[in-house]
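S.K.: As you go down the protein sequences, you meet chains Z and S in turn.
Numbers given in my numbering equal positions in the first sequence, counted from 1, plus 42.
Numbers given in my numbering equal positions in the second sequence, counted from 1, plus 1491.
Rather than coming from a laboratory, the hints here were simulated on the basis of the structure.
Nothing here was measured: the structure is a model prediction, and the numbers come from that model.
Just so it is clear, CB atoms sit at the ideal spot from N, CA and C, and this is done for glycine as well.
Check the hints yourself; a few may be wrong.
To spell it out: a stretch of chain S is covered by chain Z in this simulated footprint if at least three of its residues, at any positions, have a beta carbon under 8 Å from a beta carbon of chain Z; those stretches are [claimed, not checked]:
| no. | region |
| --- | --- |
| 1 | 1558 to 1571 |
| 2 | 1604 to 1611 |
| 3 | 1757 to 1765 |
| 4 | 1772 to 1781 |
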Amino acid sequence: MMKSLRTIALAALAGVFALGVAACGSSSSKSANAGLNVAAGVQTPASQSLTGGKRGGTLNVVNHEDFEHIDPGQSYFAIDYQAVYATNRPLYSYKPNDFKEPVPDMAEAAPQISSDAKTITIHIRHGVHFGPPVNREVTSADVAYALNRGANPNVANPYFEAYFGSLEGFKAASHGSPIPGIKTPDKYTIVLHFTEPKAAIAAAALVLPVSAPVPEEYAKKYDAKKPSEYGNFQVATGPYMWKANGEGKVLGTGYQPGKSATFVRNPNWNASTDFRPAYLDQINLSIGGDPTVIGRQVLEGSHIVQNDTPAQPIVKLAFEKFRKQLLVSPGAGNRYVALNNSHGPFTNVNLRKAVWAALDREAMNKARGGSLVTISATHYIYPEIPGFEQAGGVIGPRFDYNEHPQGDMAVAEKYMKLAGYPSGKYTGGQTLQVVGSTGNPASEDAEIANQTLKNLGFKTKFNLVDQATMYSKYCGVVKEQIDVCPNVGWLADFGDGQATLDVPFNGKNIITNGTNSNWPQSNHAKINKAMEAAETVVGTSARAAAWGKIDQELVEEAVAPVWDWDKQPAIEAKDVAGVADVWNEAGWDYNFTSLK
Amino acid sequence: MSVGAAELLPGAGGGLALPEGGREIAARTPLQLFWSRLRRDRVALVSLGFIIFLIIVAIAAPLIVKLLGLPGPYTQNPNLTDSFGSPLGPSGAHPFGVDQLGQDVMSRVIYGTRVSLEVGIIGTAIATVIGVVLGVVAGFYRGVADTLLSRMADVVLSLPILLLGLGIGAACAVRGCLGGTIQTGLGEILFLITLATWTYVYRIVRGLVLSLREREFVDASRALGASNARIMFREILPNLAAPIIVYSTLLIPLNILLEAALSFLGVGIRPPTASWGQMIAAATPIFNTAWWYMAFPGIALLLTVLAFNLLGDGLQDALNPRTAR
């Protein structure tokens, strides 16, 4: 349901709203979105050409990090996705520069959603073939098997239940066996039946790699093992395939964990069935190395790109000396200060507003690398996600407590007084538990937030722990009742307001006996009700409007001061015509990238 | 006491000075002898001077920062970083530059002195007291007490303290450990330092006591009816003053480095408290673009450790001149 716990901590925030403010936010979107511009000379996904690349050649890729899971049924990580979307064809995909409207990929056309929002019908393409060693045409049964794998505990898909948990028979089915709600009336049609009107979000989730077809007769023996070994023997449907031996074994052939990976062309891929140009002949990926060293290697090298996030000094170097080789993509998530809405002093909305008003969001973003890679956020749905404009764009819903990115202590003092502290400083006597994340620049951001609280008179017990511990032991554990988590954030699984707001802010998603991702423990009846209604809305525009309005309501409630919309940098060699995916944290897209 | 006899005053030309003109031969106390030897060791004196300077800096840190016209150590100023968030280097207003939050590095180095000296001196004092008491008891009683204490010391010496620190740091973060008795930060550091270093003092003291308890002055005390406690702490312990002073002085830099190492690893002193180790850790990712952030706390750490080590050597020479180095 969310990628945030994997690689990056992202954020969002909430605030108060009035109709007039909403109107203000939705007007003048041109000037309102000026903050989305990047510096001159720097590439963006929007400026990339998706056609006209030179065919042939081998692209070298350096990755500081390794893959997490290469099985399309399990992968849930930006680097994994770069491989998965080059070798697999989910039912729907995004073009590299669009995170709003998916295009049919394995599917032939847009999904048909029934009027009661309980059924989805999808027709798949004819003439798409599996790569070796399967070498046959893909049918709807292969898509059905792939979706059933999502519920197979041996595959351990991290998001399937969240989006497809209301499929008919899902709860009763012995997971691993077919789900009754998935039907294949013919070779090219698949129908999904739901018990609740949740077809809209499920249809949106069909861009995820779990919908990429998997041949049952080939994969079943691998899926019978725990964990499934299909990833090590996977079969391609995309333009490229993992280099494999005659039996289709990838592990040890095309993938050496911690060392390298090799992708070659899928001989059964038919360009006439695909929107991807697939210019390259081969992709050689090297894993590991110091981020600063590999960053320099890319900037000064030939036919090479870096896939994971470049080190901050490398981004600065690229901007100053290799600007044409730098790409910056918006839409890489949000970051916010989670104030505990359900326990402690921040149950008082005016205290939350006071913190928001006092917070120097610009300083926090500067610590992350400045305006090149950040935007001072004003609401939770971030750029490139449908609903961003509807929530007010860059300017966002305007309130006095969120209109000064550098913070305004006078406004903060006003809300402290409204909260019942006439001196303008907190005198409640309670010491706040503040838990932030270690490492640069997260710790600096946490320090800024901590200092803000102190400036407002709060006493704090300030702790920094590593990011995984912060989520798994403190900020994500309700019973710990942490008062402030300054370093949390969110990256939506796909371009949809519900995927951005529901888990982190819906009261029904506060999990008391597991890992909770509603970090502020936001549980406001009006917002919960609005979310319940918006879940059933069908259509990109209508959903954007519904969730954009909820975003405004979250700001009005000042759920959590949001301070950043991330922009993701990526670097390439001078002789690479790289194309990066705005929907995948600016990961280079092997299907569109070419050599000069 | 068995020692403490006066020496004859050496003459200006060397050798034993004979009384002239009716003057009596002047006897000197051990303290005078110690001082006369120490003051001939210029390196030790300079080190002592530097340490006194550090102590003054630590005590008067707020005043010094104010007199120098520097912002406080916790004053954040994003205007002192460039558009990429990189901190600005040394300037007239900020002689040691600033860090990523725009905090003045010189101010933080000055305040960092407090942490280093607190940890170095208090941690060493606690470890020394524990080591001395247990060492005297083990050496004096021998037998079961000695066996138990010595094996316990062996176990402690085999502990990987940095790893233990990382573990305790992770386990005790946020809520503390043992019902909140051990909290991260200074308390955790002092606990680890005490745990790690009492054994060094213990082993030295135990060895010396094993030897001293057989000496005639102990037999004499026992014959006079002195209790064991009196013999241990009034008769034997004063004879251990010199080695205890020397080794505890040498422990101080060890403990300062241990604090820096733990803070560097993120389990020691936590931000925003200024600590040299924590500053060096924070500077590591940006060393290429902000050398000053690592250099100045690093130099401060180097000089402090060096000064304590050199003073320790000087004290050893002055207190025990027969020991060849």
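S.K.: All hints, please: hold or fail.
M.R.: Taking the hints in turn, this is what the structure says about them:
no.: 1; hint: 1558 to 1571; result: holds (count 3)
no.: 2; hint: 1604 to 1611; result: violated (count 0)
no.: 3; hint: 1757 to 1765; result: holds (count 4)
no.: 4; hint: 1772 to 1781; result: holds (count 5)
Hint violations for this structure: number 2 only, all remaining hints satisfied.
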